[in-house]
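So the sequence lines, in the order shown, correspond to chains A and B.
Quick note: the first sequence uses our numbering, first residue 1376, plus one each step.
Quick note: the second sequence uses our numbering, first residue 74, plus one each step.
Worth flagging that the hints you see were computed from the coordinates, not collected in a lab.
Any given hint might turn out to be false.
Stated by the list, open to error - In silico DSSO-like pairs for lysine-lysine, Cα to Cα no more than 27 Å straight-line:
id : chain 1 : residue 1 : chain 2 : residue 2
1  : A       : LYS1465   : A       : LYS1492
2  : A       : LYS1462   : B       : LYS650
3  : A       : LYS1465   : B       : LYS211
4  : A       : LYS1441   : A       : LYS1465
5  : B       : LYS224    : B       : LYS650
6  : A       : LYS1462   : B       : LYS565
7  : A       : LYS1402   : A       : LYS1524
8  : B       : LYS211    : A       : LYS1492
9  : B       : LYS565    : A       : LYS1492
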Amino acid sequence: MKPLPLAIALLGLFATLPARAETPEQKGLAIIQDAEKRGENFGDLSAEAQMLIRNGRGGEARRSLKIALLDLPGAASKSLTVVEAPKDVKGTALLTHTAADASDQQWIYLPAAGRTKRIASSGRSGPFMGSEFSFDDFSAQSTERYRYKWLRAAPCPAPAQGERCDLIERIPKESGSGYARQEIWMDQAQRRLYQADYYDAQNQRIKTLTAEGYRQYQGRFWRADRLLMSNARTGASTSLEWSDIRFGSGLREADFDLNRLGSAR
Amino acid sequence: MSGFVLGRPRLVLLLALLLTLLCAAGVKDLKFNPDYRAFFAADNPDLIALEALEQRFSRAETVVIAVAPADGELFTRERLEAIRALTDAWSRLPYAKGASSISNYIEARAEGDDLLAEPLLPDDLAQADLAAIARRAKADERLSGGLLSVKGDVAGVYLYFELPHQNPPVELNAVRAAVNAEVARLRAAHPELRIALGGVLMFDAALQEQLLRDASTLYPLCFLVMTALLFAFFRSGSATLATLSAMSLAVAATFGLAGWAGLAINPASLTAGIIILTISIADAVHLLTTFAAERAKGAAPRAAMAASLRINGRTIFLTTLVNALGFLSMNFSDSPPYRDLGNLVAIGTVLAWLLSISFVAAWTQLSPPRVSPSALRQVELVKRFVEAVIRQRRWVLPLALLATAGLSAGIALNRFGDNYVEYFTRGVEFRTDTEFINERLTGMQFIEYAVEAEGPGGVFEPDFLARIDAYSDWLKQQPEVRRVASLVDIAKRLNQAMHGDDPAERRLPASREEAAQHLLFYEMSLPSGQDLTHIVDLDKSAVRLTVLLNTISSSELEAFDQRAQAWVASHWPPPMKARSSGISALFAKIARSNFQSMSSGMLTACALIAGLLIWLSRSLKLGLVSLLPNLAPIAVGFGIWGLTVGKMGMSLAVVASLTIGIVVDDTMHVFSHYGAARRRGATPLAALREAYADVGAALWVTSATLVIGFGVLAFSNFLLTVHLGLLTSLILALALIAEFVLTPTLLLWLDRD
């Protein structure tokens, strides 16, 4: 093969550069905002979730939940999570109001006492019902809480083999989350999250989240059927299977009202 | 064999060197294991129970940091911020999975009609009412004696780790370095704070530190002492160098073989080298003493060594065999490091014997050591002493027997006294710190009880909780107990908070659902790095009670556990059990079981040795009676220990097996020379005089070497090793006395023409 003339080679190099100089931080944020935009204005969503928790040493436990989510203007949302099993806590409901400025509020309804209580904000980063997920992990996450940086483009991990992904670093702005940073894999075509690796301050991987079984709803919104969070240190893992995913079933803000929490089903 | 060794000394030296170096090359694969679990066999039922428990509940790999202000005032903004910074640092530490302290403690309380489960310390301390927080913290039973001292003047920061256990020393060092860096930062900013570190990981770290310290101080010290002793005896550089080289080669080859075999060394098995060094010198000393005597009579080096090998060959082979038998009987031990120790020392003594009859013998041909007249003077001294004993035998024997019986009675005064904190000598930082934490903050000895409920969620059953509550109450009333932590404390506190903090409502919830939901609410409020898996398992089918104790000995701990089990048996329906576990309980049980298993080891060794002595003396009566001067020192040694120290840790269980083989050496040397003279027609008295003239001096030297060599172990900071060294030294010194007092008088009494 004849070597390319230098001028032509240089021309080719310039052609691959983006038109505007963009820092990796800007590019990372742009991709996340794009992903967010694609998921915006879905109206409402309800689904059921089955959690299988393994402690990595032979112990297992199951949880089953019903989740409803209401999209609000801006980056705000409201969600209601009702526990179906284990039966001792059946009917316990969690109501979360997420505001654009990240001043979230969360309440819990305890059916045995028939009372509603507020939950400390620290709890959302702790383990959710003994699982490897925190409440934050599987609920809507506000873009504002992180800083982003695009790392590189690469082939997607296993569940999305054959596709191209962007690898983006996500660093929580507040401490107390239990990890120093995440690396997330999003496919370039649809901006779906396929994998997130959680690292500690020593840059050791502590947890990995993988998502698979993406399906499109209403010709627009992509949702994974299965999430798996595995803990690299302890060997513990939690799988979360979604079922009965429904968009646009006409939920209103009143369904997420604090005073109606007791009657939530 | 002796012809080849003495005929081709250069080749023999080279071959011995090559072979030992080949073995020694395995040292590169030698691993160190600082994990305290190494003291327990994989099939140890208590370890299995502990590990089964850890499958249900979280594994307790903790570092406890006590923070104590000099003026006792914890609740100032700066100090609370410092505690918060230290607590939050967990996310930067390697293998850390969480932390708890008053700074991230979630307090359940009522405010008006509302239930709160919120951090005790608000984010912004500048605006907070610190006096109110201090009041609430000091009144909180769940903090008292745990995260906060009973007086409220010392705070505890608990860091939780989950080590991969792939490369324990490296992981442990990483954790310790990171924790130390955080503590150093805190100390620099707050010099007025006394900071003490404890916990299981610090115990492992201290084990590792002592291992390295012992390796780098005890070994050189032992070498130095041995060199001095050998030189004092031989007055010959060549003889000293020959002996030391052979013994060092034996030690290096032994650890090399351990490396090839994939053994992991811990502070207990590390002492093997020192023991090998100490014991094996005897072979060379016997060979060189006879060699020197023959040379003094005018023999050429080759003839002198040939004579020495002929005279001593059989005996040093037999003593090596007996030593090895004694050491191998340490395989009866329940604790793997002590089995390793026995096997390593057995291998080492055999190697040292081989090197003595090849390497040392060949060496004397190339560089014949000069005869030292001092060695002969010592023979004169020994002769005079033996003569005196023989003259006075009519009252020496009964007196010696009486003293033996009297001092042996002291055995009964020994108590199993292991306490893992006291495995280290005073002055070791781990011990100082742990004692500080124990005194000022919380009990560092604990026992854990796991109780199974019926099925998932079964722990919330009101009947079950009520039984746990009654048990917890009973435990709290015991004099040894400082604190009991369990699910019932949280359950009651939550119920009270749910009812407007009404003190009358400080009771267990009426229904299973209430208990479950209250706890779910509390769990939902816990921050990252905290959970309840240490008190209740994943599917809520079992609970664990952690009972913090005063510093008590292992036998007291066992007695406490038995009382607790008896309470359970008489108060709970039969299927319900409280399985005890935890590091203190484990060490308590192994101290006793190690003694029990080592008794069978000792008996086996004794039987084999008695057989050998009978065969050697060609007399059943003499063989059996000659056991007396060998067993008496051991009995008297343990008796004196009982009268003076009185506490027996698990390392002392192996002392009897360790010493029986060594002690019997002396008797065998005396017997072999005595027997030879008797067969030549000598009277018992003449044969006895001849035997002591032949071996008396060598016995003095080898015994002095042994007593001092094991004495070196007393310079360890690892108390198990110190005690092992001291008691062994004592027994060996007693054995020398017995050999010069009991053996001759017994022989003259029993062996008559």
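Tested hints:
Between A/LYS1465 and A/LYS1492, the direct Cα distance comes to roughly 16 Å. Compliance with the 27 Å bound is thereby established for this hinted pair. Between A/LYS1462 and B/LYS650 the alpha-carbon distance is near 26 Å, which keeps this suggested pair within the 27 Å criterion. Pair hint A/LYS1465 plus B/LYS211 does not hold up; C-alpha atoms about 36 Å apart against a cutoff of 27 Å. Proposed proximity of A/LYS1441 and A/LYS1465 is supported: the alpha carbons are some 11 Å apart, at most 27 Å.
A hinted pair counts as satisfied when its Cα atoms are at most 27 Å apart, and B/LYS224 with B/LYS650 does not qualify at roughly 35 Å. Taken as a hint, the A/LYS1462 and B/LYS565 pair is honoured in the structure, with Cα atoms around 21 Å apart against an allowance of 27 Å. In summary, the hint linking A/LYS1402 to A/LYS1524 is supported, as the alpha carbons are separated by about 7 Å, within the 27 Å threshold. For the hint linking B/LYS211 to A/LYS1492, the alpha-carbon distance of about 25 Å falls within 27 Å, and the restraint holds.
Our distance criterion of 27 Å between C-alpha atoms is met by B/LYS565 and A/LYS1492, whose separation comes to about 18 Å.
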